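Q: Residues per chain are reported as follows:
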Amino acid sequence: MGRMSLKRKNMFASVRVATLAAAVFLLPGCAPSSGELVVYSARVEALIKPILDRYTAETGTQVRFVTDDAGPLIERLNAEGANTPADILLTVDAGELWFAAERGLLQRVDSPVLAASIPESLRDPGNRWFGFSLRARTIAYSSERVDPAMLGSYADLADPKWRGRLCLRTSKQIYNQSLVAMLIAEFGEPRTEEIVRGWVANLATDVFSSDVKLLEAIAAGQCDVGLVNTYYYGRILREQPEFPVKLFWADQSGSGVHVNVSGAGVTAHARHAAEARRFLEWLAGAEAQGLFARVNLEFPVSPAVELDPIVAAWGPFKQNPISVAKAGELQADAVRLMDRAGYR
Amino acid sequence: MTAAVAAPLPQSRWLKDRQPTGAALLAFALALPAVVPLLVIAGSLFTLDTEVWAHLSRYVLPEVVLNTVRLLAGVVLLTAVIGTSLAWLTAVCDFPGRRFFDWALLLPLAIPGYVLAFVAVGFLDYSGPLQSAMRETGVASAWLPAIRSANGWGVIVVLSLALYPYVYLLARSAFLSQGRRVLEAAQTLGLSARAAAWRVALPMARPWIAAGVSLVAMETLADFGTVSVFNYNTFTKAIYSAWFGMFSISAALELAAFLMLFVLAALWLERRSRSRVRYGGGRSGAYAERRIELRGKSRWLAFSAASLVFLLAFLLPFLQLVVWAVKHAGTDLDVRYVGFALRSLALAGSAACVIVAASVVLAYVTRVQAGPWTTLFSRLGTLGYAVPGTVLAVGIFVPMAWFNNLLQGWLVSVFGDAAPGVYLQGSLVTVLIAYMARFLAVGFGPVDSSLQRITRNIDEAAISLGVTGVAMLKRVHLPLLRTGIATGAVLVFVDVMKEMPITLITRPFGWDTLAVRVFEMTTEGEWERAALPAVVIVLAGLFPIVLLTRRGAHVA
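Chains as they are written, first to last, in the numbering used here: chain B, 4 to 347; chain Z, 2 to 557.
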């Protein structure tokens, strides 16, 4: 009998262990309960968590999020279909939002609040996504070797006077793809290809894998001018106020600086659609706008909000009024154009 | 004691069991995680995105194919030479510092390739500390070869330094387990020491070296992180560009399919070239204690070679990482790092257990039931290592989500509104299945190589004593496989610690790991801040590596 019960005990023990193991491995997978908000974010944790924490503190809504690149996140949304736990897709580029909307992954949100606070060019014409911070891609130059009077538009950087003096980040990076897409929207493909070929001919060195490295190269004297998103420069400035590089607002006598957005939309199958909409409206409000932009030295989309002193010091600038939705629409064309022009 | 013996496989048996058997089904089940995404990839070949292809073949493929071939050839050659020769030196010879280098040369395994890359570029580029210091002291730096230059020498060297330990580790266990008595036997038969090494020891170690080099080759083909730091456009970059740049998933999958065909062909050729050779091995502990004592100049040559590799592949990059990490630890280091580290360790540990267990079963099944089906499945199951991470991650995630939705639909149809919500694709089960799809090759390689070294005579002796099947695996093979199992487990563990794209897409909410942390920093171009999580990854990886080599040292 002793033998029997021992065996049985062992069996129960192993069943218990198996159940425990199954629980450990499956529990975190249980679907999120109601009363919360789930965000898929291509904006990294450091740049989104402070905002989400503030929202939770103000409204009591628990927010869960997971970060990844936008590409995999969009595939993830698509594969999960109607059972997705995600209510919000948040990205760092309008082209990615455009692509998600094209694939039917975002729903229309007709909100007077959003329409009133976000300029028309910075949201989807179909109201499926909205920009919440503005990212300007403009010219950075060496304050030691370049007279800003020589600078002008993006197209001017193709001029032979910059031969061997230009630095660019890789064309595989979405910010450059969006920029070239916007150039196509403005000038058409043939003229844009000429410009890009001119840039490539002017390169001082092989393309860079990050804007930060590019700015450091200008400071070190490897090249004199380059194209960067302003907040990368702002981050360096925060640590080294004497950094020998300055920003120049491109194309101010023409159409203006090319801007992109970090933005979000409500997913097509959101379980907490009403809550998600409230969250987006909160993001467009003055407090969140200040926070959203300040945390990364970006610009708020709502013009009424005060800027971080570092950002304010760069002065006001004219924005290119073309809708950022064009960045998505023409992105594939832009990639092909850059391949043709030999822009690596 | 058996040298490499040429023995034709019994062809009749090959033909006889064309029917799938229980063993084949088991092999199929183990290979399934990798097979499903491979099928998704292969399926894309039926719907060619002709417009994108026209563009790719004209403007993109010529460059990336050339670059990929150059990278692959360079890395394979360098890692084979570095890994095998260092393994020979530490396992068979004696020279100053041998005991230290024996384990120290494995440490680079803990540094992810993408981390070594951003350290190398950050340090050696024009704006880096080295060239800046040279310019400040009035020394011209322009003559230095550019680390990011388009011919790819920089990325080849960096990737080789990051990957050579695979070859080193496997070749080292080969040399250790074949014993020095083989060499003595060869020498008593009139060969010089050098000839004995070339003609006996090296050919006998071939399954190990081949296993190591195959891992290196697959990892190189799948690499995205390292080549991205260098902006070196390889096949993987073309896949990502088609997918994320041109929004053409079908073109991306087609490119991946061609990559897979290439890998399959290469693996098949390698296997075929040694399919008529069977390997046996000496029993561990059965060799003489005497090492080849290096003398004169060669002592110091060996010392310098080992030191150089250790410095470049581990010590200098690690010191640079520590300097950066300390700089940012004040603001970035907080108690959350305990969680990041614990989650990394939990994932790596459970993946190592699951994958090595699966590898043992798969290797054993292919041994006792050798046939076209088991062979096919073991090949396919290990192919996941050559698939670019994000492609594989999505290839796992999509069917998982599909199955989950099916299950959810069924639950709703049965329980109505009371149905529980299920979320399989965001659970740890999916993470482990995806790791298995990716890293089965890493566990299988060492285990299978050690299994091949157990002679058939041992099996036959066991069978004649009535020990067969699972009992044979348990009582005869497992004790002989210990080194292979430990090696496989450590390799999988360290690889999972470093893994990024699969962890990113399949991790449950809140399961941020150290590698996810590195991603968060590098994606914002903040390489220096990425050093902190990278240092923790390295430190966590060192522990099992040192443990493994200590174990090996006892045997030696």
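Hints are not guaranteed to be accurate.
To be verified - Computed footprint of chain B on chain Z, listed as stretches where at least three residues anywhere in the stretch have a Cβ under 8 angstroms from a Cβ of chain B:
(1) 308–315
(2) 423–432
Stated by the list, open to error - Residues on chain Z that point at chain B, a partial pick, calculated with CB under 8 angstroms:
(3) L46
(4) L49
(5) S465
(6) T469
(7) A472
To be verified - Distance condition first, Cα-Cα at most 30 angstroms in a straight line; then the derived BS3-like pairs of lysine-lysine:
(8) B:K52 with B:K164
(9) B:K329 with B:K249
(10) B:K52 with Z:K328
(11) B:K249 with B:K164
(12) B:K249 with Z:K328
(13) B:K321 with B:K249
Everything labelled a hint here was simulated from the structure, so no lab data went into it. Model, not experiment: these values are computed from the prediction. C-beta: ideal position from N, C-alpha, C; glycine also.
Q: The structure should be examined with respect to each hint, and the outcome stated for every one.
A: Hint check:
Only residues whose C-beta sits within less than 8 angstroms of a C-beta in chain B count toward coverage, and the region 308–315 of chain Z has 0 of them, not enough to reach three; the restraint is violated. With 9 residues having a Cβ less than 8 angstroms from any Cβ of chain B, the region 423–432 of chain Z passes the three-residue criterion, so the hint holds. Annotation: L46 (chain Z) was flagged as interfacial toward chain B, and the flag is violated, the nearest CB pair being 19 angstroms apart, outside 8 angstroms. A hinted interface residue such as L49 (chain Z) counts as satisfied when its beta carbon comes closer than 8 angstroms to some beta carbon of chain B; here the least separation is about 17 angstroms, so the hint is violated.
Restraint check, S465 (chain Z) versus chain B: the minimum CB separation of about 33 angstroms is more than 8 angstroms; hint violated. Annotation: T469 (chain Z) was flagged as interfacial toward chain B, and the flag is violated, the nearest CB pair being 26 angstroms apart, outside 8 angstroms. The beta carbon of A472 (chain Z) comes no nearer than 21 angstroms to any beta carbon in chain B, farther than 8 angstroms, and the hint placing it at the interface is violated. Taking the CA atoms of K52 (chain B) and K164 (chain B), the gap is about 45 angstroms. The hint is violated against a cut of 30 angstroms.
For the given pair, K329 (chain B) sits about 29 angstroms from K249 (chain B) by alpha-carbon distance, which is consistent with the 30 angstroms threshold. With a CA separation close to 23 angstroms, the supplied pair K52 (chain B) and K328 (chain Z) stays within the 30 angstroms bound. The suggested pairing of K249 (chain B) with K164 (chain B) holds, with an alpha-carbon distance near 19 angstroms, which does not exceed 30 angstroms. Between the alpha carbons of K249 (chain B) and K328 (chain Z) the distance comes to roughly 26 angstroms, so the proposed pair stays at or under 30 angstroms and holds.
A C-alpha spacing of about 18 angstroms is found between K321 (chain B) and K249 (chain B), which places the hinted pair at or below 30 angstroms, so the restraint holds.
In summary, the numbered hints that this structure violates are 1, 3, 4, 5, 6, 7, 8.
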